[in-house]
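Asks: This is what each chain is made of:
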Amino acid sequence: MFDTMLSRPQSLFDQLESLQRLLTRAGAGEGLPGSIRSVAFGAFPEINVGRTPNSVEVFAFAPGIDASSLDVTIERNVLKVSGTRSPAIPKGDNKVQLYANERPQGRFSRAVSLPDDVDATKVEAKYRDGILRVSIALSAAAQPQRISVQ
Amino acid sequence: MAERNELTTAGSSPDFSERPTSPAVDIFEDASGITLLADMPGVAKDRLDVKLDGDTLSVEGRVELDGLKDMRALWAEVHVPRFRRTFALSRELDASRIEANLKDGVLTLRIPKQAHAQPRRIEVKSA
Numbered sequence: 001m002f003d004t005m006l007s008r009p010q011s012l013f014d015q016l017e018s019l020q021r022l023l024t025r026a027g028a029g030e031g032l033p034g035s036i037r038s039v040a041f042g043a044f045p046e047i048n049v050g051r052t053p054n055s056v057e058v059f060a061f062a063p064g065i066d067a068s069s070l071d072v073t074i075e076r077n078v079l080k081v082s083g084t085r086s087p088a089i090p091k092g093d094n095k096v097q098l099y100a101n102e103r104p105q106g107r108f109s110r111a112v113s114l115p116d117d118v119d120a121t122k123v124e125a126k127y128r129d130g131i132l133r134v135s136i137a138l139s140a141a142a143q144p145q146r147i148s149v150q
Numbered sequence: 151m152a153e154r155n156e157l158t159t160a161g162s163s164p165d166f167s168e169r170p171t172s173p174a175v176d177i178f179e180d181a182s183g184i185t186l187l188a189d190m191p192g193v194a195k196d197r198l199d200v201k202l203d204g205d206t207l208s209v210e211g212r213v214e215l216d217g218l219k220d221m222r223a224l225w226a227e228v229h230v231p232r233f234r235r236t237f238a239l240s241r242e243l244d245a246s247r248i249e250a251n252l253k254d255g256v257l258t259l260r261i262p263k264q265a266h267a268q269p270r271r272i273e274v275k276s277a
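Residue numbers (the numbering used here), protein chains in the order written: chain B, 1 to 150; chain G, 151 to 277.
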């Protein structure tokens, strides 16, 4: 029995997209320096890092995780995020037919190096809509200051 | 630098990468229907769109992050803040009874089979 929902091959655009993603990855984010801790395409969770005038913001795209199982540590300016994602597909039931299994599961761990000017004692972490956001304040000396003119 | 204040535009990607990202999915079938799970981190309920057009089911979502205005990207692995993927349903599925649930960035769709398409045991009579 064929099921069109499931047997339909990926469209050409999907394939182009994954190829393009690989190429982008090979360029390691053109214009941005590659990190020594960067990993191959498909790592879980994906991470974006941004900088505001007062803080460094790390976004880990980690959907479907129990926030209490997330472990966030900072040691010597390396932020580490680890946790476990439980599998969604029922195991050991031979009446269940599996068609796609693309979502990563099990234990994961990723690390990113932070800029030198952060204050690792002022950290806040929030998990919302599947994104873990860690805000690390910049050290006082690195924050913009207004200098009054005499 | 002006173009880089949005976190997700880092890396000066070429135009065709503005195509939405295809979310990773798990799809499995049991006796009464099909379950589809899609990873859409950062998509809140009001930014999610599940549509059915004929037998084409499309799932679309927009990632919302706040406080990006003053932000400059240092590193970005997620470039396009949109998800989209379409699926063709087959006729034995009952599209009118699809249930959708979004939790922690994971969309779960339950697509039941038509009552007549559910498996039944055919009794073999002996003559």
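These are calculated hints, taken from the structure and not from any lab test. Among the clues, some could well be false.
Output of the computed footprint for chain B on chain G, the stretches with three or more beta carbons under 8 angstroms from beta carbons of chain B [claimed, not checked]: (1) 174-180; (2) 190-204; (3) 220-233.
Facing chain G, according to a computed beta carbon distance under 10 angstroms, are these residues of chain B, among others [what the hints assert, rightly or not]: (4) T52; (5) E57; (6) G64; (7) D66; (8) V96; (9) F108; (10) V123; (11) A125; (12) I131.
Note that the structure is predicted; figures quoted are calculated from it, not measured. Note that CB positions come from ideal geometry on N, CA and C, so glycine has one too.
Asks: Next, verify each hint and record whether it holds.
Replies: Hint-by-hint comparison with the structure:
Check on the segment 174-180 of chain G: 7 of its residues sit with their Cβ under 8 angstroms from a Cβ of chain B, so the three-residue criterion for coverage holds. Only residues whose C-beta sits within less than 8 angstroms of a C-beta in chain B count toward coverage, and the segment 190-204 of chain G has 5 of them, enough to reach three; the restraint holds. Figure legend: the segment 220-233 of chain G, annotated as covered by chain B; annotation consistent (10 residues with Cβ-Cβ distances under 8 angstroms, at least 3 required). Interface restraint check for T52 of chain B: the shortest CB-CB distance to chain G comes to about 5 angstroms, inside 10 angstroms, so the restraint holds.
Interface restraint check: E57 of chain B against chain G, minimum CB-CB distance 7 angstroms, threshold 10 angstroms, status holds. At a threshold of 10 angstroms, the smallest CB-CB gap from G64 of chain B to chain G is about 4 angstroms, leaving the interface hint in force. Restraint check, D66 of chain B versus chain G: the minimum CB separation of about 8 angstroms is within 10 angstroms; hint holds. A least Cβ separation of about 5 angstroms between V96 of chain B and chain G falls short of the 10 angstroms threshold, and the interface hint therefore holds.
Nearest Cβ of chain G to the Cβ of F108 of chain B: about 13 angstroms, over the 10 angstroms cut. The hint is violated. The beta carbon of V123 of chain B comes no nearer than 16 angstroms to any beta carbon in chain G, farther than 10 angstroms, and the hint placing it at the interface is violated. Interface restraint check: A125 of chain B against chain G, minimum CB-CB distance 15 angstroms, threshold 10 angstroms, status violated. With a least beta-carbon distance of about 5 angstroms to chain G, the hint placing I131 of chain B at the interface is held under the 10 angstroms criterion.
In terms of the numbered hints stated before, the structure departs from hints 9, 10 and 11, listed from lowest to highest.
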